[in-house]
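The lines below spell out each chain.
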Amino acid sequence: MDTYYFTEMPYTAFPESEVDKYPAMRLTFPNSYFDPNIAHDLFKRYLDEFQYAEDIGFDGLMINEHHSTPSCMDVEVNITGGILARVTSKAKILMLGNMLPTSDNPVRLAEEIAMLDVISGGRILSGFVRGIGIETWANNTNPVYNRERFEECHDLIIKTWTTPGPFRWEGKHYQYRAVNPWMLPIQQPHPPVWVPGTGSPETVQWAARNRYTYAAFLTELKVAKELFHNYRSYAAEDGWEPGPDKFAFMICCHVNETDEKAQETGKAFMWRMGYPLKGPREYWAPPGYFSRAGTAANARRRVRPLNELSYQELQDDYHLVVGSPDTVIKKLRHIKDELGVGALLLEAQGGPMSHEDTMRSIKLLGTEVIPAIRD
Amino acid sequence: MAATFTEEFVEVAGSQIHLMKGGSGDPLLILHGAGGNPGWIRYAQELADHYTVYIPSHPGYGQSERPDWLETMNDLACFYTWFMEKQGLDGARAIGFSMGGWLASEIVASCQHSFSKLMLVDPAGIKPEKGEIADIFIISPAQIQEMLFHDKNQVPEYDQLFGQELTPEQTQIAEQNREMAVRICWKPYMHDPRLPFLLGRVNIPTQIVWGHQDQLVPLECGEMFRDAIPGAKLSVIDKCGHLPNIEKPEEFMKIALDFLA
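Keeping their order, the protein sequence lines are chains A and B.
Start counting the first sequence at 1; every next residue gets the next number (the numbering used here).
Start counting the second sequence at 1001; every next residue gets the next number (the numbering used here).
Don't read these hints as lab results, they were simulated from the structure.
Just to be clear, a hint being listed does not mean it is correct.
These stretches of chain A come out as covered by chain B in the derived footprint (C-beta under 8 Å, 3 or more residues) [said to hold, decoys possible]: (1) 6 to 20; (2) 134 to 143.
Ranges between beta-carbon positions, derived for each pair [what the hints assert, rightly or not]: (3) 1154(B) with 225(A): 40 to 46 Å; (4) 1156(B) with 234(A): 41 to 47 Å; (5) 292(A) with 1187(B): 33 to 39 Å; (6) 140(A) with 1009(B): 24 to 30 Å; (7) 1172(B) with 257(A): 53 to 59 Å; (8) 243(A) with 1009(B): 32 to 38 Å; (9) 140(A) with 1141(B): 45 to 51 Å; (10) 170(A) with 1091(B): 53 to 59 Å; (11) 291(A) with 1139(B): 29 to 35 Å; (12) 1188(B) with 172(A): 15 to 21 Å.
Heads up, the beta-carbon is just placed ideally off N, CA and C, and yes, glycines get one too.
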């Protein structure tokens, strides 16, 4: 099993209580609270932590992208990917991922990802995402067409990587006279594609049909099990059996020398489990963004929102794994055994967690936890 | 007078369209707003005392089917010229409310003989220069409801329209209506940059009505419609919000009957 290090690179240098003056921390929380000089220092620090994670033994580094939110300073996964491609040498770079529906230029995305694959020497895992509802507002793309655009954008990127150019593309949402980018990926036929999900039945089906790796994000174990089961069922219908490499699970994770110390320093994750997950229903679910099947599946599962769970409840449900190396090894083994995943994606820096606490946690994960859960 | 109307499904462009129809006399086509067809309520019945009133639910709204190709306001305008042809409504009188006013404007701007008289009630469709059209997609249905009226206590049918909690089926229809509005009005939001120019060719009697305190589409837009359509008249109803036919039914009916006669 591979282990990935992940941070959303949050910006927390403002009083949380200020958020109460606005509908949400995302989209409409004024950017007058942003200080680019603080962000400059944070980027240096976060990128150092990524490098250290590679040095200490993580198999991969995961990066993501959001817009108009202090909870994630990474606004362009391909920029961060480009930096990591150059400053690291062996870790896989999991970009989870490029937001396809909000892109108006799939060919540009295809060549950017290809360029990253070339610079990194074939270490790119290309995640494709729909973008949460808020990205629909931030980029002003019609939510009704989110899934259609996701699928057409994907189809065009894959064709761009696999079909010698030039060719024409006259689709519903995208049209090109000459698709023929000079830049093509090293990995053949193309970089592995990963897809994250929190429960949409269509996404699981789509991932299975395309034989892509499906990563369940911060779901309850029982929900992840259901989603993976559905994936296997679709695969069985198509006559193949997915290995562990088709399944990944993302959680928050923090290690300190003792359980007691870890419980204290791990509380930094409560920042990311709080305001960043709140906001009006319309922000998260613009009309038309969720299909009826998706809405029904979510209602049936009766999952409590993460921001309503206590620190202890988040740990009980394995959204957050915190403890000494021994404790964390036991819990991660439990997840691995329950889910049969080939990759654990550990968000190991969250909220206002200090550089010191983050580095110690990365070190303990790399030297003690990862060797114990690898096989 | 007791409500007297029929409901039927009529086929247009291969789609089944839900149509409410009642009254007698010359035909009068009603085009509803973004929220959906409010049904056969007081103003409709009062109009039906003078005209044969047609109230279709737009494709994708309520029980009406949406043809797969119908995705923009211009598609909807084309669809309605087809609908009117099939129903023998060419040259009928028409009233368009809110988004339905935008729709009626697109129809008349592109198809000169579609209507004989046009009434636009707080229509969307033109971008205001000073204010903004409220973004109804990013706020909740409850917030929209709060913005509909100047004073909900003066709305005679308020309890009838909003007093009951929605059934699951009604909730689903409301969400579907909202999705359809998003499909056709998302970007540019609730307007067509060409419309003020195209309206210059309109040469039928046009009456614009506006609630002075409209919080969704500012009165400024009413003045722009009046200036865009040659000979158009703008009547402003004071102490009234976005739905004059519901908030000030008596004043609204007087303007409507005087104009349509």
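Consistency of the hints with the structure:
no. : hint                            : in the structure
1   : 6 to 20                         : violated (count 0)
2   : 134 to 143                      : holds (count 4)
3   : 1154(B) with 225(A): 40 to 46 Å : violated (56 Å)
4   : 1156(B) with 234(A): 41 to 47 Å : violated (55 Å)
5   : 292(A) with 1187(B): 33 to 39 Å : violated (24 Å)
6   : 140(A) with 1009(B): 24 to 30 Å : violated (36 Å)
7   : 1172(B) with 257(A): 53 to 59 Å : holds (54 Å)
8   : 243(A) with 1009(B): 32 to 38 Å : violated (52 Å)
9   : 140(A) with 1141(B): 45 to 51 Å : violated (21 Å)
10  : 170(A) with 1091(B): 53 to 59 Å : violated (40 Å)
11  : 291(A) with 1139(B): 29 to 35 Å : violated (22 Å)
12  : 1188(B) with 172(A): 15 to 21 Å : holds (20 Å)
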